[in-house]
Structures are given as C-alpha cells and as structure tokens.
Amino acid sequence: MDDNLELERVTCPIGVLLIIFEARPEVIANIASLAVKSGNAAILKGGKESTESFVAISTAISAALDKTLVPNAAVQLVTTRDVIPQLLALDQHIDLVIPRGSNELVRYIKSNTKIPVLGHADGLCALYLERSADPAMAADVIVDSKTSYPAACNSLETLLVQEGALETSFPVAAKALAAKGVELRCDARTAAVLRASLPAEYTAKVVDAQPADYDTEHLSLVLAVKVVALIEEAILHINTHGSHHTDVILTASKDLAEQFMAGVDSAGVYWNASTRMADGMRYGFGTEVGISTNKIHARGPVGLEGLMVYKYKIRGAGQVTSAYGEGEGKKRFKHESLPL
Amino acid sequence: MSLSNSTPLEAAQAAKASSHVLATLPASARNDALTAIHAALGEARDVILAANARDLEAAQKAAADGQLSQSLVSRLDLGRKGKWEDMLKGILDVRDLEDPGLCIPPLAIISCHLLITCRSWEGHSPDQVG
Chain A
1 MDDNLELERV TCPIGVLLII FEARPEVIAN IASLAVKSGN AAILKGGKES
51 TESFVAISTA ISAALDKTLV PNAAVQLVTT RDVIPQLLAL DQHIDLVIPR
101 GSNELVRYIK SNTKIPVLGH ADGLCALYLE RSADPAMAAD VIVDSKTSYP
151 AACNSLETLL VQEGALETSF PVAAKALAAK GVELRCDART AAVLRASLPA
201 EYTAKVVDAQ PADYDTEHLS LVLAVKVVAL IEEAILHINT HGSHHTDVIL
251 TASKDLAEQF MAGVDSAGVY WNASTRMADG MRYGFGTEVG ISTNKIHARG
301 PVGLEGLMVY KYKIRGAGQV TSAYGEGEGK KRFKHESLPL
Chain B
341 MSLSNSTPLE AAQAAKASSH VLATLPASAR NDALTAIHAA LGEARDVILA
391 ANARDLEAAQ KAAADGQLSQ SLVSRLDLGR KGKWEDMLKG ILDVRDLEDP
441 GLCIPPLAII SCHLLITCRS WEGHSPDQVG
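So the protein sequences, as listed, match chains A and B.
If you're matching positions, the first sequence starts at 1 in the numbering used here and goes up one per residue.
If you're matching positions, the second sequence starts at 341 in the numbering used here and goes up one per residue.
Chain A on its own, in the form it takes in the complex (with noise of 0.2 Å):
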C-alpha cells in the first residue's frame, strides 16, 4: 500500500460449527476430523437414535484428545434433548451451519436460524437433450444421472427433450430408462413419441405428467419428461424450475454447450457428463463437507476450503488515512503487488 504499510491476506478457519445431523453416526468422526484438520471448533448435535453409538464414540474421541494439544472443547457432542432451536439462535457464538440429513431438516433450519447455512435442501437437477447429441452417449449419461443412486440429491429429476431429438436420440434414451425401471412422467408429445416407439413391454411406464412434476424431487426411479422448442427454453426452464444445484446439457455444439454452462444459474454446469459427477470425491477435494447452493462463499461440492475464509493483516509503521488523498502534499497509496 505504502513504504512500510502492508497488506496480506490470510486464510483461516471460521471459527465455530454447528453440525446437525440424523442417524449416521459415523458422521461424528468424519466431522471431527475435518473440523481439526481445518482448524475449527464443532458442536455436534445428533439424532435421539443413535444416542448410545454417539456416547460410545465420544468418549474414546475425547480420551485421545486429552493427551494432544487440541482443547477438548473444540469438539463437543451435545446430547441435551430438543436443544436444536436455541442452538440456532446463537448466532454470536456459532459462525456456520452444517446440516446432515434430510430435505427436511435443512428447511427447517435454514428457516430457523441468521447462522449462515452450508447445504440446499433440494436437488432438483435437469438434463437437456440437444438434437446433436449422440444417441448411445445420451443415453448411457441419462441412464447414470437417473438411476445410478435415485434417492441422491445430485440425481437427475427432469430430462428436457429438444423437438429435433424427439424421434432420433430420445426413444433410445427412454427405452434404456424404461428398461431400468424408470417411469417417465411425460407431456403430451414426448408420451405420444413414447406410446408409438417403446416395445409394449415398457408402455406401462409412460404416464401422463402433472405440472407438479416439474418442480418436484422425486428421488425414486420417476424422471419428469418434457419437450421444448430451444436451448433457451430449456435454460429459462431449469432456472425457473430447479434447485441452482447440478444441470446438464447433451450435444455435440460445443457453442450450445457454453451457451448453456454460461446462462444456467446452478452450482454446478455440465456438457456431456452425468449429474452425479457433483461430488466433493469425484471433483478432487479429498472430502466433502457438504454440497453448497449458496451464492456466497462456498459453493457446488465443499471441500476442507469451505471451512475457511480469510482475513487481512495490516504491518504498518504509524499510518493514519488521514495523511492519504488527492490534495496537494498528500500520499497516494502504492497498491504494488509484494511477492510471494
């Protein structure tokens, strides 16, 4: 900035999480581990469930950490009952959320508590089916998003079929559906399509869609099926329908594809690629900490960086910003780059 006036910036951790989580209780140690190595403090509250397995695994956690320099309150189980709302009203005291569960215990807490949260709540991911798209990769991608783990929040909830593939690459990918089990939830031109091609062992698995079936997350084998005029359609569509967490686009443009990657609003934009490629492990990170539809700090996959911000360190000589400006006999700030 000036002579003897610099400017770091440094990572470090965030200071205080708040682990909520269900039945797993192999979650604790998995938590407490990512919570040390990063450096932060972690209040775990679990599931009444699996109380004696938390107890039990505590215990032993706490053993260790007595004879290392880690304060063993940094890890702390809480296993006082129904404290989950006071809890989330301790926003001075605890810097960030983490929920492990359900859909419906992330809904609860992010609308009970000024704690920022790292998670979402759904995963309503979409796929479109551009007419360029090969067919055999087309459908070997849908079959994966779709059915490789159903109840996943990175598994695909929605296939939108471009008009020109509606004859050529969508009834291989539907059969390849069908054959797996998949009930196609369609609109009235995708159905018709399907009713006239499918072999007649796999009709029984085209039904005619309600319009909630755009915006619901199924997590079963049933995939919302729907024709659309255009790439922009389809973009207009999955902002407006989905999650903001994993969506897809299957086509051999690569200008459709950045056209896609650019204008979808989500966490995560892919160009022939499964949805479920949305994974802390598969992405490199080592672990994941959760999956972020946040638009602030963390987000898509989490890693140990997720778990840290940064500050600014100032090591100066006596500056005031008084002796800074535009006027005659002021200083101007440097804001030369130091090295490394």
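Any given hint could turn out to be false.
[Stated by the list, open to error] Which stretches of chain A does chain B cover? Using the computed rule of at least three CB atoms under 8 Å from a CB of chain B, they are: (1) 26-37; (2) 44-53; (3) 65-74; (4) 79-87; (5) 297-308.
[Claimed, not checked] Partial list, derived from the structure: chain B residues whose beta carbon lies under 8 Å from chain A: (6) Ser359; (7) Leu374; (8) Ile377; (9) Gln400; (10) Leu418.
Please keep in mind that the hints were generated in silico from the structure rather than gathered at the bench.
Backbone N, C-alpha and C fix where the C-beta goes; we use that ideal spot for every residue, glycine too.
Chain A is fixed; fit chain B onto it per the hints.
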C-alpha cells in the same frame, strides 16, 4: 471432545474460546490429534459397536411399531460390512490432505477426460457472461 450436558449457550461459549486456540495450532499438532483419534477409535471398536447394537435394537423395535423408517434404521448400523473400516480410514484420509487454503487446486485431473480448472472471471469474453 466433551460430552456436553451443558446448556447450548455454555457449549457454544466453550467452543468459541477453544476455536481461538485451535486456530493458532500448527498443522503438525492438528494432524497429531487426528492420528490419536484414529488410534483411540480403533481401540474402542468393541465398546462402540456394542453401543451401536443397542441403538440398532431400539430402532428396530421402533421401526416395527411404525415409528421409524427402515431406511433410517439401516443408516444407523455401524456394523454393516466395510462401514467401520471406511469410518477409520476417513480420519487418516483427512489427516493426509493438504492443509486447507482457499484456492481449489488449479488443475486437478479427476479422470482422463475430465479436468477441473480454476479460471478467473476475466477469462470469459463479455458475450459469455450470463
């Protein structure tokens, strides 16, 4: 880790105070703590799995009465094949990660056809900015 029956406020205050200590510890001290946690859990395996079995038994009763879903019961089970080992290995995996900074590794290859790159916003031409 403390097992806290204290009030939420007390727990949060203690956590806050500890966070200021923890934030200044060197990476070696934090990694040593993870090694210690891993060892302690390994030694307490039988005790923990026995406690988990008690949770599971109670949950199965509740599920039979229709008070709990079967999927929740299955998520509760630490004794399921590979789960315990995964849990322990996860601690060492986290320990061996690089100390976290804010930047995602600039170029990470996650499979032969998939690259992750950090690109600055200036890298986009204006007509691509959505």
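Results for each hint:
1. Check on the region 26-37 of chain A: 8 of its residues sit with their Cβ under 8 Å from a Cβ of chain B, so the three-residue criterion for coverage holds.
2. Three residues within the 8 Å Cβ limit are the bar, and the region 44-53 of chain A against chain B gives 5, so the coverage statement holds.
3. Proximity of the region 65-74 of chain A to chain B, defined as three or more residues with a beta carbon under 8 Å from a beta carbon of that chain, is established by the 9 residues found.
4. Closer than 8 Å: that is the beta-carbon criterion, and the region 79-87 of chain A has 5 residues meeting it against chain B, so the requirement of 3 holds.
5. Against chain B, the region 297-308 of chain A contributes 5 residues with a C-beta closer than 8 Å to a partner C-beta. That satisfies the three-residue criterion, and the hint holds.
6. A hinted interface residue such as serine 359(B) counts as satisfied when its beta carbon comes closer than 8 Å to some beta carbon of chain A; here the least separation is about 4 Å, so the hint holds.
7. At its closest, the beta carbon of leucine 374(B) sits 6 Å from a beta carbon of chain A; the interface hint therefore holds under the 8 Å criterion.
8. At its closest, the beta carbon of isoleucine 377(B) sits 5 Å from a beta carbon of chain A; the interface hint therefore holds under the 8 Å criterion.
9. For glutamine 400(B), the interface hint is violated, since its Cβ never comes within 8 Å of a Cβ in chain A; the closest pair sits about 11 Å apart.
10. A hinted interface residue such as leucine 418(B) counts as satisfied when its beta carbon comes closer than 8 Å to some beta carbon of chain A; here the least separation is about 5 Å, so the hint holds.
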